[in-house]
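S.K.: Sequence:
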Amino acid sequence: KYLPAAIEMLRNQKLDVVILSRYVKGSGQSGLSFMKTVTSMGAGIFLKLFFPIKGVMEYSCNYRVIRAGKLKEVIRRFGADFIALPHLGFVAAPEILIKLHMIQAKIGESPFVLRYDQKQTPSANQSLRTIRGYFALAAKYAFRRPKV
144 KYLPAAIEML
154 RNQKLDVVIL
164 SRYVKGSGQS
174 GLSFMKTVTS
184 MGAGIFLKLF
194 FPIKGVMEYS
204 CNYRVIRAGK
214 LKEVIRRFGA
224 DFIALPHLGF
234 VAAPEILIKL
244 HMIQAKIGES
254 PFVLRYDQKQ
264 TPSANQSLRT
274 IRGYFALAAK
284 YAFRRPKV
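The sequence shown begins at 144 in this note's numbering and counts up by one.
Because the hints were derived from the structure by calculation, they are not lab data. Treat each hint with caution, since some may be false.
[Stated by the list, open to error] Straight-line distance between alpha carbons at most 30 Å, and here's what the computed DSBU-like set of lysine-lysine pairs gives:
1) LYS213 with LYS191
2) LYS144 with LYS249
3) LYS157 with LYS197
4) LYS144 with LYS157
5) LYS249 with LYS197
6) LYS283 with LYS144
7) LYS191 with LYS249
8) LYS168 with LYS157
9) LYS157 with LYS179
10) LYS249 with LYS283
11) LYS213 with LYS168
12) LYS179 with LYS215
[Stated by the list, open to error] Now the in silico label distances, taken between C-beta atoms and shown as ranges:
13) GLY212 with PHE177: 38 to 48 Å
14) VAL256 with ALA223: 34 to 44 Å
15) PHE225 with ALA285: 31 to 41 Å
16) LYS215 with ILE150: 12 to 22 Å
17) MET184 with ARG258: 27 to 37 Å
18) SER173 with ASN205: 12 to 22 Å
19) ARG275 with THR180: 12 to 22 Å
20) LYS179 with GLN247: 31 to 41 Å
21) ALA223 with GLY174: 21 to 31 Å
22) LEU146 with GLN247: 18 to 28 Å
23) GLN247 with PHE286: 29 to 39 Å
24) ILE188 with PHE286: 32 to 42 Å
25) ARG258 with ARG219: 17 to 27 Å
The structure presented is a predicted model; accordingly, all values stated were derived computationally and were not measured. By construction, the Cβ of each residue, glycine as well, lies at the ideal position given by its N, Cα and C atoms.
With the hints as constraints, model all of the structure from the sequences given.
M.R.: Here is the structure:
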């Protein structure tokens, strides 16, 4: 349902990345507990503070459309460090986004409604580990640009 609109946006606006976002007009979420909602909002504010990307509000959602050429470029430029913090919870999504931004990828957002109430299995996200991961991400990338 959401992918065709995201692909069309990627093509029409000549973007490299389109994030399916819960935070743009026409989007939303349902079924998240109060605590999960607060944690998600806090993570978004933290990531936006350390990694401001114009026009991006959704850092942690991994529902994205990425041009194959841009994905190959970011993997080539970062090599083995492409996903450097896999042991620190759910930080791969923002880490990939940050690295795409570092190589000047053009990024946009398309509406998406997260239906957490339809999730079939419990979340594997361990909040404390992921919070530590976000701090590690900030320490690793916020104050210096990697040599790519």
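S.K.: Is the distance from the Cβ of ILE188 to the Cβ of PHE286 consistent with 32 to 42 Å?
M.R.: violated (18 Å)
S.K.: Does LYS179 sit within 30 Å of LYS157, going by the straight-line distance between their CA atoms?
M.R.: violated (34 Å)
S.K.: Given a hint of 17 to 27 Å, does the C-beta separation of ARG258 and ARG219 actually sit inside it?
M.R.: violated (36 Å)
S.K.: Next pair to validate is LYS179 with LYS215; report whether the Cα-Cα distance is within 30 Å.
M.R.: With a Cα-Cα distance of about 33 Å, the restraint between LYS179 and LYS215 is violated, given a limit of 30 Å.
S.K.: Between LYS215 and ILE150, does the C-beta distance stay in 12 to 22 Å?
M.R.: holds (18 Å)
S.K.: Could you say whether the range 27 to 37 Å given as a hint is met by the Cβ separation of MET184 and ARG258?
M.R.: For MET184 and ARG258 the Cβ distance comes to about 18 Å; the hint is violated.
S.K.: Holds or violated: 12 to 22 Å for the Cβ distance of ARG275 and THR180?
M.R.: Since ARG275 and THR180 have Cβ atoms about 21 Å apart, the given range 12 to 22 Å holds.
S.K.: Indicate whether the distance between the beta carbons of LYS179 and GLN247 respects the range 31 to 41 Å.
M.R.: holds (33 Å)
S.K.: Indicate whether the distance between the beta carbons of SER173 and ASN205 respects the range 12 to 22 Å.
M.R.: Because 19 Å falls inside the window, the suggested range holds.
S.K.: Take the C-alpha atoms of LYS249 and LYS283, compute the straight-line distance between them, and say whether it is at most 30 Å.
M.R.: Distance ~22 Å between LYS249 and LYS283 Cα, so the pair holds.
S.K.: For a C-alpha distance cap of 30 Å, please report whether LYS283 and LYS144 respect it.
M.R.: violated (36 Å)
S.K.: Taking the beta carbons of PHE225 and ALA285, is their distance inside 31 to 41 Å?
M.R.: violated (18 Å)
The structure does not agree with the numbered hints 6, 9, 12, 15, 17, 21, 23, 24 and 25 stated previously, though it agrees with the rest.
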